[in-house]
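Trainee: Chain residues, written in single-letter form:
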Amino acid sequence: NAGVTQTPKFRILKIGQSMTLQCTQDMNHNYMYWYRQDPGMGLKLIYYSVGAGITDKGEVPNGYNVSRSTTEDFPLRLELAAPSQTSVYFCASSYLGRRGAANEQFFGPGTRLTVL
Amino acid sequence: DAKTTQPPSMDCAEGRAANLPCNHSTISGNEYVYWYRQIHSQGPQYIIHGLKNNETNEMASLIITEDRKSSTLILPHATLRDTAVYYCIGADSGGSNYKLTFGKGTLLTVNP
Numbered sequence: 040n041a042g043v044t045q046t047p048k049f050r051i052l053k054i055g056q057s058m059t060l061q062c063t064q065d066m067n068h069n070y071m072y073w074y075r076q077d078p079g080m081g082l083k084l085i086y087y088s089v090g091a092g093i094t095d096k097g098e099v100p101n102g103y104n105v106s107r108s109t110t111e112d113f114p115l116r117l118e119l120a121a122p123s124q125t126s127v128y129f130c131a132s133s134y135l136g137r138r139g140a141a142n143e144q145f146f147g148p149g150t151r152l153t154v155l
Numbered sequence: 033d034a035k036t037t038q039p040p041s042m043d044c045a046e047g048r049a050a051n052l053p054c055n056h057s058t059i060s061g062n063e064y065v066y067w068y069r070q071i072h073s074q075g076p077q078y079i080i081h082g083l084k085n086n087e088t089n090e091m092a093s094l095i096i097t098e099d100r101k102s103s104t105l106i107l108p109h110a111t112l113r114d115t116a117v118y119y120c121i122g123a124d125s126g127g128s129n130y131k132l133t134f135g136k137g138t139l140l141t142v143n144p
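Just so you know, the sequences run in chain order A and B. Residue 127 in my numbering sits at position 88 of the first sequence, and the numbers go up by one each step. Residue 62 in my numbering sits at position 30 of the second sequence, and the numbers go up by one each step.
FYI, nobody ran anything at the bench for these hints, they're computed from the structure. This structure is a prediction, so every number in the text was calculated from the model and none was measured. Hints should not be assumed to be uniformly reliable.
As the list claims (entries may be wrong) - List time: in silico BS3-like cross-link candidates among lysine-lysine, alpha-carbon distance up to 25 Å:
#	chain 1	residue 1	chain 2	residue 2
1	B	Lys101	A	Lys48
2	B	Lys131	B	Lys35
3	B	Lys84	B	Lys101
4	B	Lys35	B	Lys101
5	A	Lys83	A	Lys53
6	A	Lys96	B	Lys101
7	B	Lys101	B	Lys131
8	A	Lys48	B	Lys136
9	B	Lys131	B	Lys84
10	A	Lys48	A	Lys83
11	A	Lys96	B	Lys131
12	B	Lys84	B	Lys35
13	B	Lys136	B	Lys35
14	A	Lys83	B	Lys131
15	B	Lys35	A	Lys48
16	B	Lys84	A	Lys96
17	A	Lys96	A	Lys83
The shape of chain A in the complex, shown without the other chains (with noise of 0.2 Å):
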């Protein structure tokens, strides 16, 4: 299995562009997740799936898109692109059988972003 795979894994964008941040995983997970990490800090969550078709806010979705149309891709889309969006951007998936399952969460390697 690779896991999660991101693509690009650097970018540089002006502001006002758009772009998309890939994330692919193979392990069948139902779970998927966009985090940033601003330098020294921790990770934020900006959206999540719960699976194929359904997708909801985290704590920091202002000025991002998301899409789940497989099991999967969640593909995670920058609108407008803003100097406060210079961050490092990590896809995570996991499996959550049942409720109260323990969420043991795979990343991927992150995509670092800036905006100019």
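With chain A held as given, fit chain B onto it using these hints.
Mentor: Relative to the frame of chain A, chain B by itself:
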């Protein structure tokens, strides 16, 4: 989710046990204690979790106090590759179990 408190940094000698403390005095009875770590520039990695009992796996041991207000992650024989930020997370074991809140964690530096 329970608020957790961790020291910002710790040092450990290579080959010795690393004991990382975490205070979670507001944890509720149905919240797990999770430990994740993040090696520089990589995505976080799950280590271990527990509810009430002590737990051990191939990576580490988790000791939870009887009152569940604090816990200690033990890396029995730390290596240089264990240098990382370690996150202690208190999270629901019920319907909101999808949500993990990552704070700033403890930077563990393993010295040769």
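Trainee: Taken at face value, is the distance from the CA of B:Lys131 to the CA of A:Lys96 at most 25 Å?
Mentor: Distance of about 11 Å is within 25 Å: holds.
Trainee: Hey, A:Lys83 versus A:Lys53, does the alpha-carbon distance stay inside 25 Å?
Mentor: holds (23 Å)
Trainee: Within a Cα-Cα threshold of 25 Å, do B:Lys131 and B:Lys35 meet the stated pairing?
Mentor: holds (13 Å)
Trainee: Straight-line Cα separation of B:Lys35 and B:Lys101 no greater than 25 Å?
Mentor: Measuring from Cα to Cα gives roughly 11 Å; hence the hint holds.
Trainee: Need the status of pair B:Lys136, B:Lys35: alpha-carbon distance at most 25 Å?
Mentor: holds (12 Å)
Trainee: B:Lys84 and A:Lys96: Cα distance at most 25 Å?
Mentor: violated (31 Å)
Trainee: Can you confirm whether the C-alpha distance between B:Lys84 and B:Lys101 stays at or below 25 Å?
Mentor: The hint holds at about 11 Å.
Trainee: Mind checking the alpha carbons of A:Lys96 and B:Lys101 for me, to see if they're no more than 25 Å apart?
Mentor: violated (30 Å)
Trainee: CA of B:Lys35 to CA of A:Lys48, is that 25 Å or under?
Mentor: violated (32 Å)
Trainee: Taking 25 Å as the top limit, are the C-alpha atoms of B:Lys131 and B:Lys84 close enough?
Mentor: Between B:Lys131 and B:Lys84 the Cα gap is close to 20 Å, so the pair holds against 25 Å.
Trainee: Take a quick look at whether B:Lys84 and B:Lys35 sit within 25 Å of each other, Cα to Cα.
Mentor: holds (17 Å)
Trainee: Does B:Lys131 lie within 25 Å of B:Lys101 when you go C-alpha to C-alpha?
Mentor: holds (20 Å)
The structure shown violates the earlier hints numbered 1, 6, 15, 16.
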